[in-house]
Structures are given as C-alpha cells and as structure tokens.
Amino acid sequence: MKSRTKERLVWTVISILVLVYALFPVASILATSFKEPSDLTSGKFLPTNWSSVNYQEILVGDAQELFLSSLWNSIGISLIATFIAVVLATLCAYAIARLDFPGKKLILTTALAVSIFPVISIVTPLFNLWRNIGLYDTWPGLIIPYLSLTLPISIWTLAAFFRQIPWELEQAAQVDGATTWQAFRKAIVPLAAPGVFTTAIIAFFIAWNDFVYGISLTSTEAARPVPAALAFFTGASQFEAPVGAISAAAIIVTIPIVLLVLLFQRQIVSGLTQGAVKG
Amino acid sequence: MSTSVKTARPQTAQKPAPQFSDRVKAERRLGWLLAGPAFVVMLAVTAYPILQAVFDSLFNYRLTAPDEREFIGLGNYATILTDEVWWRDLGVTLLITVVTVVVELILGFALALVMHKALKSVRGLLRTAILVPYGIITVVSAFAWFYAFDINSGFINNWFDWVPGIDPDLNWFAQGGTSLFVIMASEIWKTTPFISLLLLAGLAQVPDELTEAAEVDGATWWERMSRVILPNMKAAIMVAVLFRALDAFRIFDNVFIMTNGAFGTEVLSLLAYRTSISRLEIGLGSAVSVLLFICVLLICFIAIKLFKVDLAGARGGK
Numbered sequence: 135m136k137s138r139t140k141e142r143l144v145w146t147v148i149s150i151l152v153l154v155y156a157l158f159p160v161a162s163i164l165a166t167s168f169k170e171p172s173d174l175t176s177g178k179f180l181p182t183n184w185s186s187v188n189y190q191e192i193l194v195g196d197a198q199e200l201f202l203s204s205l206w207n208s209i210g211i212s213l214i215a216t217f218i219a220v221v222l223a224t225l226c227a228y229a230i231a232r233l234d235f236p237g238k239k240l241i242l243t244t245a246l247a248v249s250i251f252p253v254i255s256i257v258t259p260l261f262n263l264w265r266n267i268g269l270y271d272t273w274p275g276l277i278i279p280y281l282s283l284t285l286p287i288s289i290w291t292l293a294a295f296f297r298q299i300p301w302e303l304e305q306a307a308q309v310d311g312a313t314t315w316q317a318f319r320k321a322i323v324p325l326a327a328p329g330v331f332t333t334a335i336i337a338f339f340i341a342w343n344d345f346v347y348g349i350s351l352t353s354t355e356a357a358r359p360v361p362a363a364l365a366f367f368t369g370a371s372q373f374e375a376p377v378g379a380i381s382a383a384a385i386i387v388t389i390p391i392v393l394l395v396l397l398f399q400r401q402i403v404s405g406l407t408q409g410a411v412k413g
Numbered sequence: 573m574s575t576s577v578k579t580a581r582p583q584t585a586q587k588p589a590p591q592f593s594d595r596v597k598a599e600r601r602l603g604w605l606l607a608g609p610a611f612v613v614m615l616a617v618t619a620y621p622i623l624q625a626v627f628d629s630l631f632n633y634r635l636t637a638p639d640e641r642e643f644i645g646l647g648n649y650a651t652i653l654t655d656e657v658w659w660r661d662l663g664v665t666l667l668i669t670v671v672t673v674v675v676e677l678i679l680g681f682a683l684a685l686v687m688h689k690a691l692k693s694v695r696g697l698l699r700t701a702i703l704v705p706y707g708i709i710t711v712v713s714a715f716a717w718f719y720a721f722d723i724n725s726g727f728i729n730n731w732f733d734w735v736p737g738i739d740p741d742l743n744w745f746a747q748g749g750t751s752l753f754v755i756m757a758s759e760i761w762k763t764t765p766f767i768s769l770l771l772l773a774g775l776a777q778v779p780d781e782l783t784e785a786a787e788v789d790g791a792t793w794w795e796r797m798s799r800v801i802l803p804n805m806k807a808a809i810m811v812a813v814l815f816r817a818l819d820a821f822r823i824f825d826n827v828f829i830m831t832n833g834a835f836g837t838e839v840l841s842l843l844a845y846r847t848s849i850s851r852l853e854i855g856l857g858s859a860v861s862v863l864l865f866i867c868v869l870l871i872c873f874i875a876i877k878l879f880k881v882d883l884a885g886a887r888g889g890k
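For the protein sequence lines, the chains are A and B, in the order given. Quick note, the numbering used here runs 134 ahead of the 1-based positions in the first sequence. Quick note, the numbering used here runs 572 ahead of the 1-based positions in the second sequence.
Derived from the structure by calculation, the hints contain no laboratory data. A virtual CB, placed ideally from N, CA and C, is assigned to each residue, including glycine. Watch out, some of these pointers could steer you wrong.
Said to hold, decoys possible - If the Cβ cut is set under 8 Å, some of the chain A residues that face chain B in the computed set are:
id, residue
1, Ser162
2, Ala223
3, Ile230
4, Val253
5, Phe261
6, Thr407
Bound-form chain A, shown alone (with noise of 0.2 Å):
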C-alpha cells in the first residue's frame, strides 16, 4: 500500500518535470501573444493585462493580409504535398511489402538517401531553375520540392504498417477471382486507411515545418508559406518590434499541431517508431 503510494507520486513529479519541459517554450509565446505592446518590456513572463490585440492586428487588422494569405498558403501547400507524397507512398509500399519484383532495395534505399539529403543543397538549382521556367513564387514551385520532403518518410512508415496486414485475405479475394488489383482494393485498402492516415499527419507535420524552401523559392504573398512570412514580418511603425504580432501568429499555427496531437497520439507515436524501428 504504502509503495504505490510512493509509486504514484514519483509518477506525479515525472510526469509533471515532462510536461514542463515539453511545454513551458509553448507557454512562454502563448503569454507573450496576450502582451500589450507597452507590456512586451515587461520582463515579466505573464502579461500585466490580458489583452487580443496582436490576434486583432493579425485577424483584421494592419498585418490581416500578410498573414492571412501565408496561413492560405500553408494550408494549401501542405495539404497537397502531402495528398500526393500518401498517394504515391500508398502505392509504392504496398508494392514494397507485398509484390515480389526487383528492385525493391533500390527504391527503399533511395528513400532513405532522399530522407538524408540536405535541403538546402537543392535549393540554389531550383531557384535558379524556377525563375527560368516560372515556378518561382507558386504553389507548384513548393509543392514539388516538398515532396523530397514527405516522400520518403511516407514510404518508409507505410511499407512498415503494410508489413503487418494480414495479407490471406488478399490471397482469399484472388481465390475467389479478384484480380491482383481489385483484391488490393476490396481487402486491403479498409485495413491500410488507418496506417495511410497516421502517415499523412505525420507528412503534413513535415511540410508544415518547412522554412527553407519556403523563403528561398517565394518572394510575395503568392505562396510564402508562414513560417517564411513570419521571419519577414515586420512591426507597426519600423521603430515597434513586431513581437506580438508573430507570437499571436505562431500560436495560430501550433493550434492545428495540438488539435491533431492530442486527437492521434498513439496513432503517431505508432507511426513514427513504425516507420523507424520495425515493431
């Protein structure tokens, strides 16, 4: 009795040491969001008063269209980057866990060197080869390069969930005189969507992230994603440090982050050492 006592206590202090550390920086923006720009000296952590102004500034005030227009843009960028990297991914893995073809080593070891490969070494050719060619400062122009990004995490984490799908009801439906293809989808495709699913959160998460293609291939508030707008953004008068501006900002953008944590946790937790360790 009295060691679980002391059992759930330690627990207690561990798990709050945990969530202070996960969460303290996030507390930190979020209560500088609430700063009165006077306050924002303060040196204090909480705001003097609580006060929507620099989510007014941003939602409907001076800088609305700056960032409104970057918010369309990541939203729109990301969810396509990562509708096409889970379609092509989707595709590819159930070829890799379940098709028998060569070849198959090479296409997984490319993902993995594209996982690898430093972003930024691609970026001056595709700036240079975008302004020729029009794609600078599109949505195409990032979406592209994204995939270099969700691709191969995509492919990696799918063939993993694909691996452990009980595959003798494929075997079941060609029996009964389904073809490769429609047995992949009658049978398997309702197994696969949960795994399809954790792998687009955990793409978006990735295209959401970007910053380096986002400032090296935009240049206007056609396709500069946010976290690109925030790093440009620029106070009230150009003596007023945009401080709370950004910070109201990137709370707007953590919120969706913490929506889709808090709902699939385990699904990406799951997905993530999946994807990393075989299970």
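Chain A is fixed; fit chain B onto it per the hints.
Just chain B now, with coordinates in the frame of chain A:
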C-alpha cells in the same frame, strides 16, 4: 523486410532466361507500375537538382551578371576551401551537431525510459506532451526561445539573475557563445522527442525475460542498464544518433531566426543560402551546396563503415 530475400535471386542468368509464368511477369510489371512513380519523383526532386548544382558549381555565374558566365573548373571550390569563412562555419556546424546530439541522446533516453515504464494512467498524457515539440514548427520554437531570452522582451534574465553571469543587462544575442547556447537549446527542445521515440522503439525490442532474469540474479539497476538493456538496443541507438546527426548538421531555421549568422554563429546551410539566394552567386553557392552534400555523405560513410550502422536493417527490419 521478410520478402526481400526472394528478390536477391541473380537477375542476369547465364543460361537462357528462366521462363517466368505470366503470373510472375504480371506481378513484376504491377510492382514497378505501383512503385515506379514514387521512385521517379524522388529522383526527379533530388538527383536532378544536385547534378545541376554540380554543373553550375563549375562556372563563375552570378544572376546579377548572367552574361558574364564563364567556365572556371574547380575555381569556386578553391575559393571556398581557402576562405576561412567556410572552415569557421564548418566548425560551428560540427560543434552544434556534436553538442546537440550528445545532449539529446541522454535526454531522449531518459524520456524513452519514462515513457516505457510509465503507468498506464499517465502514458497517454506523457506521449501527447512529448509530441508537441516534435510537431511544432521549428521557426515557432526559435521565436519562443528567442523572445524568452531576448534582452527586451525576455524574462530569463529576471528569473535567473541569481545565476553568476546572468544579470538584467545580459544581451544573449550580442556574442557568439550565448547565442549558440540559446540556438542549441531550441534545437534540442524541438528534436529530442524524435530521438526518444526511436529509442523507445529500441527499448520495446529488448526482451523482458532478459531484464527480469538479470533482476532475479540480483543485478543492480546500473548493471541491468549497461549489461543487458543498452547492448540489446545498440542498433536503435546508432540509427537514432546517425539520423539526428545528419539532421543537426543541416541546421538552418534556428540560426536564421535568432542571429542570422551574426557573431560567428553562421552554419553551413546559412552560408549556402546567403551565397545563392541573398547574393545571387549561383556558381559559388552551388559549390557550397555540393560541398555540404559531400559532408553529409562523409558522415554517413563514416557511420556505416566505422560504426557499422545498418540503416536499412534497423529501418524496416529484416
């Protein structure tokens, strides 16, 4: 990858090609039909640009004067490698890589142990909390840490003025050492969850019977850790370290936001960005990019040859 064994059969048979049944041929065709597009896209978005970068790096080529483009062979590489900026940036990048990976390995292992042992009631909560830094945008993390330490908007100086060396007038971002400290803190905070999840997967692979047997035999916690658990998850640790090292070597976002390379905090990625995108020196910038790529290959090579890290084996299993 249990099925890969089958694909290892020799592909160029000396004798007349074996007669594959239509079923086998159809399966092979379908295999490439399904996997081919992803493969081609991956090559198109990386192999092509890096080859273009190799080509461009041989020219003196500025976008500000495109007509003066001329072939100079390895001239750009000579320019870079004889410039102390490259070596300084390489040093800073390596310093950040080594420090962050070491700290993250220790911190990540502690977090992995906590998640592994956690009571059911708090397990979900802990994992959710840990995934927040993983999912958060690096730029947001950089701003959060920057504002907390900044001399104007920060509160760290106030909170920690009892620590020797910290006082309200300390400007963290006015010199290299303190800037690097905050940059690395942000990087460590954001990426430790990833390494701890990889280690958690490794921990889960250590057979419980082994640790229990050791416990029955009277092994202390430290003995169980160093003799049973760590040796059994060596592969997972190696992979985690290599992946994080390669990732840390590409560090860009945190440095760009906090100092933009001022006070000797410039890293290689930032040098490449500054040369190509800011100064429009495509030839020189391409050469920096290619050198950076070679560095990454070198790290991989060393890890795989010297430390025998089996990436494909641990990622996906055999």
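Each hint tested on the structure:
Checking Ser162(A) against chain B: minimum C-beta separation of about 5 Å stays under 8 Å; hint holds. Look at Ala223(A): its Cβ gets to within about 6 Å of chain B, closer than 8 Å, so that hint holds up. The restraint placing Ile230(A) at the interface with chain B holds, with a minimum CB-CB distance near 6 Å, inside the 8 Å limit. Interface restraint check: Val253(A) against chain B, minimum CB-CB distance 7 Å, threshold 8 Å, status holds.
The closest approach between the C-beta of Phe261(A) and any C-beta of chain B is roughly 6 Å, which is under the 8 Å cut-off, so the hint is satisfied. The beta carbon of Thr407(A) comes within 4 Å of a beta carbon in chain B, closer than 8 Å, and the hint placing it at the interface holds.
When the structure is compared with the earlier hints, no violation turns up for any of them.
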